[in-house]
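Please construct the entire structure, taking both the sequences and the accompanying hints into account.
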Amino acid sequence: MSHQETRLIFKHIDEEGYTNDIDCYVKNGGYDQLKKAVTMQPEDICAEVLTSGVRGRGGAGFPAGMKWKFLDRKSGKPIYLICNADESEPGTFKDRQIIHQDPHQLIEGMICAAFAIQAKLAFIYVRGEFFEGYKILERAIEEAREKNFLGDNILGTGYSCDIIVHRGAGAYICGEETGLIESLEGFRANPRIKPPYFPAALGAYQCPTIVNNVETLCDVKHIIEMGGEGFAKIGTPGNTGTRIWCVSGHVQKPGYYEFACADITLGQLIYDVCGGLKPGRKLKAVIPGGSSSKILRADERFTGKLKDGTEYDWGIEDIPMDFDSLMAVGSMSGSGGVIVMDDTTDMVEALANINYFYAHESCGQCTPCREGVPWMRKVTQRMVDGEAREEDADLLKSIADQIAGRTICAFGEAASWPVQSFIAKFKDEFVEKAQEQAARRKEGKETAEATTLI
Amino acid sequence: MKIESIVENVTINIDGQDVEVPKGINIIEAVKMVGKGKEVPHYCYHPKLTIAGNCRMCMVEMGMPMRDRATGEAVLEEDGTQKIAWMPKPTIGCATNASPGMHILTGSEMVKESRNGVTEFLLINHPLDCPICDQAGECRLQEFSAEHGRGYSRFIEDKNVKPKRTRLGPNVTLDDERCILCSRCVRFSKEVADDDVLGFVDRGTYSTLTCFPGKELSHNYSLNTVDICPVGALTSTDFRFKMRVWFLKRTHSICTESSVGANTEIWSREGKIYRITPRRNDEVNDTWMTDTGRALYKEIESEDRLVHYTIEGVHKASGEAAVAAAELLKSGKIAMVGSAHSSVEEQFFYKAIAERSGAKVSLVSHNGDGDGLLQSEDRTPNLRGALVTGLISELPSENLEALARDINSGAVKTILAVNEDLTELGISKDVLAKAKVIYVGSHANRTSEVANIVLPSLMVFEKDGSFINQSFRIQRFKAAIPGPLGVQPDFTVLEKIAAALAEREGYSDDHRLSMGAHGSDN
Chain H
66 MSHQETRLIF
76 KHIDEEGYTN
86 DIDCYVKNGG
96 YDQLKKAVTM
106 QPEDICAEVL
116 TSGVRGRGGA
126 GFPAGMKWKF
136 LDRKSGKPIY
146 LICNADESEP
156 GTFKDRQIIH
166 QDPHQLIEGM
176 ICAAFAIQAK
186 LAFIYVRGEF
196 FEGYKILERA
206 IEEAREKNFL
216 GDNILGTGYS
226 CDIIVHRGAG
236 AYICGEETGL
246 IESLEGFRAN
256 PRIKPPYFPA
266 ALGAYQCPTI
276 VNNVETLCDV
286 KHIIEMGGEG
296 FAKIGTPGNT
306 GTRIWCVSGH
316 VQKPGYYEFA
326 CADITLGQLI
336 YDVCGGLKPG
346 RKLKAVIPGG
356 SSSKILRADE
366 RFTGKLKDGT
376 EYDWGIEDIP
386 MDFDSLMAVG
396 SMSGSGGVIV
406 MDDTTDMVEA
416 LANINYFYAH
426 ESCGQCTPCR
436 EGVPWMRKVT
446 QRMVDGEARE
456 EDADLLKSIA
466 DQIAGRTICA
476 FGEAASWPVQ
486 SFIAKFKDEF
496 VEKAQEQAAR
506 RKEGKETAEA
516 TTLI
Chain B
106 MKIESIVENV
116 TINIDGQDVE
126 VPKGINIIEA
136 VKMVGKGKEV
146 PHYCYHPKLT
156 IAGNCRMCMV
166 EMGMPMRDRA
176 TGEAVLEEDG
186 TQKIAWMPKP
196 TIGCATNASP
206 GMHILTGSEM
216 VKESRNGVTE
226 FLLINHPLDC
236 PICDQAGECR
246 LQEFSAEHGR
256 GYSRFIEDKN
266 VKPKRTRLGP
276 NVTLDDERCI
286 LCSRCVRFSK
296 EVADDDVLGF
306 VDRGTYSTLT
316 CFPGKELSHN
326 YSLNTVDICP
336 VGALTSTDFR
346 FKMRVWFLKR
356 THSICTESSV
366 GANTEIWSRE
376 GKIYRITPRR
386 NDEVNDTWMT
396 DTGRALYKEI
406 ESEDRLVHYT
416 IEGVHKASGE
426 AAVAAAELLK
436 SGKIAMVGSA
446 HSSVEEQFFY
456 KAIAERSGAK
466 VSLVSHNGDG
476 DGLLQSEDRT
486 PNLRGALVTG
496 LISELPSENL
506 EALARDINSG
516 AVKTILAVNE
526 DLTELGISKD
536 VLAKAKVIYV
546 GSHANRTSEV
556 ANIVLPSLMV
566 FEKDGSFINQ
576 SFRIQRFKAA
586 IPGPLGVQPD
596 FTVLEKIAAA
606 LAEREGYSDD
616 HRLSMGAHGS
626 DN
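Protein chains in written order, with my numbering: chain H, 66 to 519; chain B, 106 to 627.
Among the hints, a few may not be true.
The calculated lysine to aspartate or glutamate pairs, modelled on EDC-like cross-linking and capped at a C-alpha distance of 16 Å, are [as the list claims (entries may be wrong)]: (1) B:Lys194 to H:Glu478; (2) H:Lys318 to H:Glu70; (3) H:Lys462 to B:Glu218; (4) H:Lys443 to B:Asp263; (5) H:Lys134 to H:Asp109.
It should be emphasised that the hints constitute simulated quantities derived from the structure, not laboratory data.
What follows is the structure, given as structure tokens:
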């Protein structure tokens, strides 16, 4: 059985003959929604977005319409819109496709959003490594400007807004919205303390600012097209619209697949859509929403009650792929990066890799993250290097517990959740690792084979 | 923080006690205000700098009165008391401002656990070189580790290694391994000293404090970064490895560099000063002082120091010198060159001496460029004192040319000079030779060399007294160390002179000057 994708954002991605220039985009109905949007009242667009229930696609899943509502409009300061295109969560590769293959969709979504919140200026903060994407965006913006979809007096409405593309300086932390704003302003991407620096009140240049993910801003275009209620019909209540699942790891056909929320289960995604695992392999674990989301163990049973009161009893393959279901099983849909691991995976090595990443990316501003995350890296590195101790599992968990919830930004959680969940679900492997190495040491053998962390 | 300027008070609950605090005050200050020695431990927060919130030490539990979202009505507990909605995570006290009904827990399990966590994290890469660290004894990390630490280390990995002696500027040396990256020094340079020279390079656990390329920490407030550094990372190049702080005696004093009158603390041991640091006074200098002001004590051990009472170059006892000076002052045609470096008490005696000897008093101003902060244009500590005591009645002039004319015309035959080198102020050596000179001062100069009578005086560190600063604030200073052997406090000699002059004038005993004028509170 095959499952039909609901291609909304990715409608034209990888389509034969579809190019990323404006002519192709307009030919396919592009900028019609902008033309519609500028005839609407800005507050009506905001209302539609709120009705649509669209949740942020960057990771946290916060309702975008609600975020817009928090905007401080009384201050009299200019409002800014920032598109967070600093896609760098390990396991996630959706925004890059939009930028490369369909940049005008993003630009149209952004102008609609900018018009809705009456932004004075919009920015695209694009990941520094996306150099090709940067050039494509620059060209696309120039094209849009020529056609007056952007710039002064857009389509003769009297509303003016421009988009500035800003290349990131090469750090994961730049994707944290206040860190992004600091970086945009030209400083180190040190996230700001909240309170008081909530972007909706004190964002870029201390002005009210909305920061949305690439995919979220694309959704705005589709919300205008089908109306808030129409959009809300996709998926289930509270989990509206589509999600692009970036599947990587031990599956036959890794890639990006767009489905309506809850349209598909994790099992269907892995076995039907992605062609299953390699022959003879068994599923061991799945990280469902980018490396910072908590890992799910293949033989776990997930039982409990959903927000609407329905009881559930799922195996890993039964989990519907949407925001609330993944949250109910103790993880999150995050940025949509589904990382599949089969039974050849060494969990200690996998965690060592993840810890390496987070220790490398910690900005170093606040104590628990700056000191704790590299400590976890050093522990897991030592474990794979052959010096594991049985008590290391408990130590790792204790360090992670001392970080999560104590930091300036959500990086603390992002770095602790993998450790907490790996230890919670695969503690025996961590202990066995130490025992195995001890046994080998007794026999006078090398305790560990050389491993290279990516 | 000036508490008086905040009018509105709010009631918040700290650890179960309802307390009144000014609205908007942060929790660290609120807890401090409520007092009883309770403190929210913190590193990066400083009352005179912006909030950074990066050390995560000042975590407290915070809750607000629960309200029904729809109706806005208060949600009550079963027993009818207000229900408190506690935040699931601890929050930083430095960035949490008191608002009505706020509940704070400063010692709950969650709070203790997060403090212990932060303490452990700060120590894993810390070199733990307290035995050779200058900060030991006044180190927040050391204190809080004793209070909140685990007592043993769970860290068996290799520690980070960083440079141990980086020169940041002429006065400050950085030990990178001890740095906890609180950014106090960065914020101080930017916000207070207005010289944005410090920043962090590298990322994560490798973050390192450094000066921006091509710049150095050379502003005149650089040593304040050493004071506010909560650990031993920024050290005073001068004080480095000189003395353990717990051996030092602390004495309140006033900076004599300019008329600002920064409040200071003198750190001394066995008659030797090791350093001078600022003392908080929100009305005068907040918590800062200049680097140049801290170096003034070095003059104590100068080779030019006057240590003997002399008459015509011959060492005498102080009493004899005083009698000789008084005799000279009885001879008429006297001029006095007073000093704005003298204390209020000394100026009082000088005024009496001037009145009784009929001396005309002049005073010379010493001006430099003001920096708009703690260095005023007037580089004397007590010009206002001279005006208040009546020693002078008009503002000082820049030189003594008028006095030179008087000497030349024979109108002045004897000069009592206090602290000033007259040869630099418009009276040439030849002119000066025409008059008799009594010199009172702490250091030798060309005037003291030619003076007929020399009365050595004590420096501000060696005597008690008070100064009146530029905003007419009278501030007291205390003797930190004894003066040179045999040199008496200025006022005892001045009193003898004044008394001798009074006898001549037929003053009764009742009018004699006494010690009563001495000493007043700041």
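Verification of the supplied hints:
Note on Lys194 (chain B) and Glu478 (chain H): the hinted pairing holds, with a Cα-Cα distance of about 12 Å set against a maximum of 16 Å. Only pairs whose Cα atoms come within 16 Å are accepted, and Lys318 (chain H) paired with Glu70 (chain H) is accepted, the gap being roughly 15 Å. In summary, the hint linking Lys462 (chain H) to Glu218 (chain B) is supported, as the alpha carbons are separated by about 14 Å, within the 16 Å threshold. Only pairs whose Cα atoms come within 16 Å are accepted, and Lys443 (chain H) paired with Asp263 (chain B) is accepted, the gap being roughly 8 Å.
Restraint check: the Cα-Cα separation between Lys134 (chain H) and Asp109 (chain H) comes to about 12 Å, which is no more than 16 Å; the hinted pair holds.
In this structure, none of the earlier numbered hints is contradicted; all agree with it.
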